[in-house]
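Trainee: Below, each chain spelled out in residue letters.
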Amino acid sequence: MNYKALTAIAVALALPLSAHADADDDTLVLNEEETLVTKTAAPAHLSDVMDEVMSGWHFRSDETQALQMDDFENPAMVFVDKAMDAWETAEGSEGKSCSSCHDEVDESMAGVRAVYPKWNETAGEVRTLATQINDCRENQMGAEPWKYTGGKMTAMEALISVQSRGMPVNVAIDGPAQSTWEQGKEMYYARTGQLELSCANCHEDSYGLMIRADHLSQGQINGFPTYRLKNAKLNNVHARFKGCVRDTRAETYKPGSSEFVALELYVASRGNGLAVEGPSVRN
Amino acid sequence: MKRLSLTLAMCLTGSVTLAAEVAPKDVQFDEDGGVAVSLSGVPGDAASGAIIAGTKSQGNCVACHQLSALADVPFQGEIGPSLDGAGDRWNEAELRGLMANAKMTFEGTMMPAFYKVEGFIRPGDGYTGKAPTEALTPILTAQQIEDVVAFIATLKEE
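Top line first, the protein sequences correspond to chains H and R. Taking the working numbering, the leading residue of the first sequence gets 1, the next gets one more, and so forth. Taking the working numbering, the leading residue of the second sequence gets 1, the next gets one more, and so forth.
Since the hints were derived computationally from the structure, they do not count as laboratory data. Note that the Cβ used here is the ideal one computed from N, Cα and C, for glycine as well. There may be inaccurate statements among the hints.
Result set (EDC-like, lysine to aspartate or glutamate): computed pairs, CA atoms no more than 20 Å apart in a straight line [unchecked claim]: (1) R:Lys-56 / H:Asp-214; (2) R:Lys-116 / H:Glu-251; (3) R:Lys-103 / H:Asp-205; (4) R:Lys-130 / H:Glu-259; (5) H:Lys-39 / H:Asp-25; (6) R:Lys-130 / H:Asp-247.
Chain R regions said to be covered by chain H (calculated; three or more residues, Cβ under 8 Å) [said to hold, decoys possible]: (7) 60 to 71; (8) 77 to 85; (9) 128 to 140.
Residues from chain H that keep clear of chain R, each with C-beta distances beyond 12 Å, as calculated [as the list claims (entries may be wrong)]: (10) Asp-25; (11) Asn-31; (12) Val-37; (13) Asp-62; (14) Glu-63; (15) Cys-101; (16) Gly-111; (17) Val-115; (18) Asn-120; (19) Gly-124; (20) Cys-136; (21) Glu-138; (22) Asn-139; (23) Tyr-148; (24) Thr-252; (25) Tyr-253.
Bound conformation, chain R alone:
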């Protein structure tokens, strides 16, 4: 029911989404790498965020992180720390900053920036290996970022 009403809320506010959306170039990071303002202006949907985090063609967070909450997703990576309990370690603004561009929190980290469109060396057209023919889009949309933030925020220490 909760998820249904959230989805409903998203539909209702859908028309103002564009106006409220923060473009990748306009994201304001605070000095610790956090981002206070919602990127989409629409509350995140944790259930959708769980799918994004576990899906290879989307967030693919499991490529590098273990997440017990996604136990049904096989082959979780171990490049980054386990995300279990990450909702206790980080508040919403910090999580949003980590998703948008983790390098603002952890200098030089291996974690990719999911909401960034410029400043790359030889960026390609997705995973084709070819040069892009159009302006780059971020790896995740503003709403997908908000959804993943909402999902990670639910990961509490038992």
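Isolated chain H, as found in the complex:
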């Protein structure tokens, strides 16, 4: 590397380092009652790359933030209501609904979102919430699986997430889940596509900075599913991954694929300790 290259790096370093603190210092108080943990010490497995993990909420405008602080304002809540109906509705050859097996959603599903993706011993694989929901539909209800990124699926994910709101994300990365986690980690740092950009380039090295009109966050998923003002619907994790991979001019993976499941486990683990926020509101 030549002298000028070094100078340019010095310029680059001198300028925006402080911008890494560019997340705001607001406090997420839900319905004027419950304060959610939106910044916390990075989990041990990240401690060599960052000190603090932060919710994407801190990188959004005050207006967008406010929408998430009040359930009457949160546009995602109508979908939660719809999923409540679906929870009680029998479908499929077995004539069962979710409630036939799981009774009251607020009891049976409390804490579930916080630990997914999770190793399933019987199936011998790591499952996302959506994979598990479709497994129940197909094998317990005898019903058609829902489209992985479709409206019915994201609504049900939102209903289940609400039951864990405020609890710390706590996905297991050791034991039988470890090899899947390693796979996801490798994907996170792989520089894909013709732009040769990794998740880490944008969400670890550059969070707090502007990339064109977008304020880069840490790409955390504790807020999923997310209502995006941009497309006016709920979006689940794999839909977001697909968009980010596409933006590197790469061939994406399919939502629900084993690759995206692995990536989800890894990204979820980067947010261990942050409060479950879903359904959140983003731009």
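Model the placement of chain R on the given structure of chain H, informed by the hints.
Mentor: For chain R alone, coordinates are given in the frame of chain H:
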């Protein structure tokens, strides 16, 4: 007038462009990452380069860099250093190398290589998210690179 005559020159030399063009795989980088030889064999047009640098579907340099010369382009990014004065910091060969493949100058940089067609992990068909059906083309053509180089070379410290 200057721009007109440049465009005219481009038309006149258009027929030899192909012969003089350096293919992405044949670009010769020197040890500091510079590229001495013009990629198209045709002088760059700074005015065209300014448009390429500020247009999302083309160079989109403003996604990551601030450029006061493109003040009319909103939402300039801050991933890389401001390009103001870059024409003083780098000569033409160095700028050409930075455009063609900045990783030859800055090891591991986040800046994409704009004149490169192989060696990618899961490259797609543009921004479709699908696998490519044809051989990849570079993000910018040889002439677009020369135009951007000519434009950046005009960015002097006041």
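Trainee: Which of the listed hints are not met by the structure?
Mentor: The structure breaks hints 24, 25; every other hint is satisfied.
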